[in-house]
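Enquirer: Fit chain to chain and form the complex, with the hints in mind.
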Amino acid sequence: MLPELSHEEIHRYSRHLLIPDVGLKGQQKLKAASVLVIGTGGLGSPVALYLAAAGVGRIGLVDYDVVDYTNLQRQIIHGQSRLGDLKVESARDRMLDLNPEIQVDVYNEFLNSENAFEIAEPYDLIVDGTDNFPTRYLVNDLCVLTGKPNVYGSIFRFDGQASVFYAKEGPCYRCLFPEPPPHGLVPSCAEGGVLGVLPGTIGSIQATEALKLILGIGEPLIGKLLLYDALDLSFQTVKLHKNPDCKICGENPEVTALIDYEAFCGVPSHDHEEGSAGEEWDITATELEARLKEGDDLLLVDVREPHELEISNLKGSELIPLGQFASRLSELDSSQDIVLFCKAGTRSTRALEIMASAGFKKVKNLKGGINAWAMEVDPSLPIY
Amino acid sequence: MPTIKIPAPLRPYADGQRALILPGRNVAEILEEIVTLYPELKKHLYGDDTQLRPFVNLFLGDENIKELQGLDTPLTEGDIILIIPSIAGG
Chain A
90 MLPELSHEEI HRYSRHLLIP DVGLKGQQKL KAASVLVIGT GGLGSPVALY LAAAGVGRIG
150 LVDYDVVDYT NLQRQIIHGQ SRLGDLKVES ARDRMLDLNP EIQVDVYNEF LNSENAFEIA
210 EPYDLIVDGT DNFPTRYLVN DLCVLTGKPN VYGSIFRFDG QASVFYAKEG PCYRCLFPEP
270 PPHGLVPSCA EGGVLGVLPG TIGSIQATEA LKLILGIGEP LIGKLLLYDA LDLSFQTVKL
330 HKNPDCKICG ENPEVTALID YEAFCGVPSH DHEEGSAGEE WDITATELEA RLKEGDDLLL
390 VDVREPHELE ISNLKGSELI PLGQFASRLS ELDSSQDIVL FCKAGTRSTR ALEIMASAGF
450 KKVKNLKGGI NAWAMEVDPS LPIY
Chain B
441 MPTIKIPAPL RPYADGQRAL ILPGRNVAEI LEEIVTLYPE LKKHLYGDDT QLRPFVNLFL
501 GDENIKELQG LDTPLTEGDI ILIIPSIAGG
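Going down the list, the protein sequences come from chains A and B.
Using this note's numbering, the letters of the first sequence map in sequence onto residues 90 to 473.
Using this note's numbering, the letters of the second sequence map in sequence onto residues 441 to 530.
Bound-form chain B, shown alone (with noise of 0.2 Å):
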């Protein structure tokens, strides 16, 4: 299964977890387990609609899914996704 890391900013609503290993074989399904497991996260990932904030990135490997295939992008065994938030701290 995939991993999905979560940045600090958004651990307080995913009980605290850094990483977690969670079914999914596109990053759309892995991201409908997260919020199932933590609804609190549903407002830091998707806007009104069900399209990704702006201002959050989501990466496989070093590619940003973007280039890839968006939400459709293909998951398989031992993929890491990063969630890259955006963070103002200096």
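Next up, chain A with everything else stripped away, as it sits in the complex (with noise of 0.2 Å):
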């Protein structure tokens, strides 16, 4: 029995009713559904917003994170006046206030292996909107082993992905992506960046299947892998195809069990920068001014790319891009000591393994980057 629309409902629903393919009936479908949304960042806030207005019954957020200042850019679910409170707590708020005819449970929680299944368990079907690898990966084999549709979507500057992965009835997101890339080899938001708008692209299209999910209209994107190129404004469909051999839905699955997804990805399950290479090659900022003031002869190799020095740039370093890093080795001399920054520390470090591997010894990685250096030392520098 689907539950009964008041009149106030059927007055706010008039757009979807008046649709042939939505209806009554469609609006009682929505009213009865249930999502849980993983992340309430770039994608997670069009989501939310868009299941929320369109009146899904209960939606489900999970998230562990505060609004943060660099959040505002694209997370149009939160605002300024809520800068420092918890993003969950932000994000239901605002719904509340778009239509407080709906169900918003919190999860103020890092979603992992001990708490997926009770989290996921009240809810239909689940929207991947997270940051990070070892999260995809759980969200994933929690809805092969659970049966829940996953709509999955994913964004880099200015590319998106969006797909609905189904096991039940086409391919998973291992049968697409076996392995995780190596720690290091695809950078995150955080360093890379991300166009403000990419995610609202991609997360109503996460947000338009999920509501063809629960109508039952149209045809989900099963099977099919949605790329988006915002530069020339370019969609395209590639098929999609389930993997005999995959781990977790094919003929034998190895998977049977949620795993430690940290390990398996060899990287946190999270977008923070942790600008650390380890306490033996670090150097923080203010021991670095100490040893500049000392006179010590310090190489400085900035290893950001070439327009991240209009934001901000240190003093008679020398920019040599990660990107070429590994081919302008030569440049440098492994007699010199040598300090590596770049925004945050994460390049740096990356910068590091390939000189360390090389068998360079005298080289250390600025902690915390430049924003370090702006914060701790001279705070005529912007943080970035």
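Just so you know, these hints were derived from the structure itself, not from any lab.
Keep in mind that the hints are not guaranteed to be accurate.
To be verified - Below are the SDA-like pairs computed for lysine to any residue, each with C-alpha atoms no more than 20 Å apart in a straight line:
hint	chain 1	residue 1	chain 2	residue 2
1	A	118	A	106
2	A	257	A	332
3	A	313	B	497
4	A	331	B	494
5	B	445	A	324
6	A	450	A	407
7	B	506	A	267
8	B	482	A	413
9	B	445	A	318
10	B	483	A	445
11	A	328	B	523
12	A	331	B	505
13	B	483	A	418
14	A	301	A	91
15	A	331	B	510
16	A	404	A	465
17	A	336	B	494
18	B	506	A	330
19	A	328	B	506
20	B	482	B	455
21	A	313	A	328
22	A	331	B	503
23	B	482	A	418
24	B	445	A	322
25	A	336	B	492
26	A	328	B	507
27	B	483	A	273
28	B	445	A	321
29	B	482	A	446
30	B	445	B	466
31	A	451	A	417
32	B	506	A	340
33	B	483	A	355
34	A	328	B	497
Expert: Structure below.
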């Protein structure tokens, strides 16, 4: 039995009720539906807002983070007045302001193999709006093991991907990407940046797919991957096939329970820059300042991209972008003391790994990057 | 000659190029051309052996080359090869 709609709800959803494919019955299906949104960031913002506005009766939000200043460039569910607040609470308040008829459940938790089944249990489908590989594999495996559709979206700079991974009817995420890329090969949005409106486009597509699945209309993106390139404004759909050897949804699955996804991916389950290469290799901004004041002969090597110099710069540093680092290693002298830096310490850690494996010993990583220098030593520099 | 499209995460290793028109009678040959031109791309496409890394997917039109003839998939004038990377941003 589908739930009845009140007169207020009929009025509110008038534009849905006018569409024959939705109608009164469709709107009742939306009211009866439950969706779990993992992540209330770039993708989660439009997903949660549109599902709330559409009248999905029960929406769960999972996020452990607080609203940060750098989120507001794209995470439109949050606002300046909520800086420092829990993201799930900020998102819930905005959703209930948009539509008080719905129920919003919040999980201020780090989704992991221990709590995932319990959190997901009450929901019909799951929307993946996370920002890291371990959680993406976790969400995929959770959906395969529980038989729920995974409405997938992912973004980087100007590029987006969307699909519906539903192992009962088609391939899963692991069929396409059996293994995650090794640590450091694919930059995250925190390192590489993202056009603020891009998650708006991809998140809206995820919300569309979720609504279609609930309503049972149209052709969902099962067995298809949508690729979006904002620069030439092109959409392309490619075919995905179920992999018979898939480790979780194939003919002889090896993965039959949730695993340790941070170990599987070799990276932490978040997109915050760590900025440290380990105690032995790090130098703090304050230590670096002291050594420079003492007149130590240090070569500062900036591994950022050339355009980042316009934002902030350390005088006397030499620029070797990370992308060219391996091929330009011969420009560096292994007898010289070298300090590598980038924005926050992630790319310089990679450069340090390249140098260390090439035998360089007198090399340090500026912990926290030029942002740490701006914070600890030179407040005239901006933080980005 | 066929075109190979380079996704955003790999562009820093290919001088920022978005697409390249390169000679190649099959997928293996066009990949050989691109890694010769941009050697830093090699470790992003191939593992220690000559196999493509499992998270690198190549598509010809709307079909994964794994469903065609893999690296031996023949290419003709005007074909477009897409490299679809694993991205995780959200």
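Enquirer: Against this structure, judge whether each hint is valid.
Expert: Tested hints:
1. A:118 with A:106: Measuring from Cα to Cα gives roughly 12 Å; hence the hint holds.
2. A:257 with A:332: 13 Å, holds
3. A:313 with B:497: Roughly 14 Å separates the two Cα atoms, so the pair holds.
4. A:331 with B:494: Given pair residue 331 of chain A, residue 494 of chain B holds - Cα atoms ~15 Å apart, limit 20 Å.
5. B:445 with A:324: 14 Å, holds
6. A:450 with A:407: With Cα atoms ~19 Å apart, residue 450 of chain A and residue 407 of chain A stay inside 20 Å; holds.
7. B:506 with A:267: 13 Å, holds
8. B:482 with A:413: 13 Å, holds
9. B:445 with A:318: 11 Å, holds
10. B:483 with A:445: 18 Å, holds
11. A:328 with B:523: Given pair residue 328 of chain A, residue 523 of chain B holds - Cα atoms ~14 Å apart, limit 20 Å.
12. A:331 with B:505: 14 Å, holds
13. B:483 with A:418: 16 Å, holds
14. A:301 with A:91: With a Cα-Cα distance of about 17 Å, the restraint between residue 301 of chain A and residue 91 of chain A holds, given a limit of 20 Å.
15. A:331 with B:510: Holds. Residue 331 of chain A to residue 510 of chain B sits at ~16 Å (cutoff 20 Å).
16. A:404 with A:465: 16 Å, holds
17. A:336 with B:494: 13 Å, holds
18. B:506 with A:330: 10 Å, holds
19. A:328 with B:506: The hint holds at about 12 Å.
20. B:482 with B:455: Distance of about 14 Å is within 20 Å: holds.
21. A:313 with A:328: 5 Å, holds
22. A:331 with B:503: 13 Å, holds
23. B:482 with A:418: 17 Å, holds
24. B:445 with A:322: OK: residue 445 of chain B and residue 322 of chain A at ~15 Å, within 20 Å.
25. A:336 with B:492: OK: residue 336 of chain A and residue 492 of chain B at ~18 Å, within 20 Å.
26. A:328 with B:507: It holds: about 10 Å lies between the C-alpha atoms, which stays within 20 Å.
27. B:483 with A:273: OK: residue 483 of chain B and residue 273 of chain A at ~12 Å, within 20 Å.
28. B:445 with A:321: Given that 20 Å is the threshold and the Cα spacing comes to 12 Å, the pair holds.
29. B:482 with A:446: Holds - the C-alpha atoms of residue 446 of chain A and residue 482 of chain B are around 18 Å apart, at most 20 Å.
30. B:445 with B:466: Given that 20 Å is the threshold and the Cα spacing comes to 15 Å, the pair holds.
31. A:451 with A:417: 17 Å, holds
32. B:506 with A:340: Between residue 506 of chain B and residue 340 of chain A the Cα gap is close to 18 Å, so the pair holds against 20 Å.
33. B:483 with A:355: Holds, because 18 Å separates the two Cα atoms, which is no more than 20 Å.
34. A:328 with B:497: Holds, because 12 Å separates the two Cα atoms, which is no more than 20 Å.
In this structure, none of the earlier numbered hints is contradicted; all agree with it.
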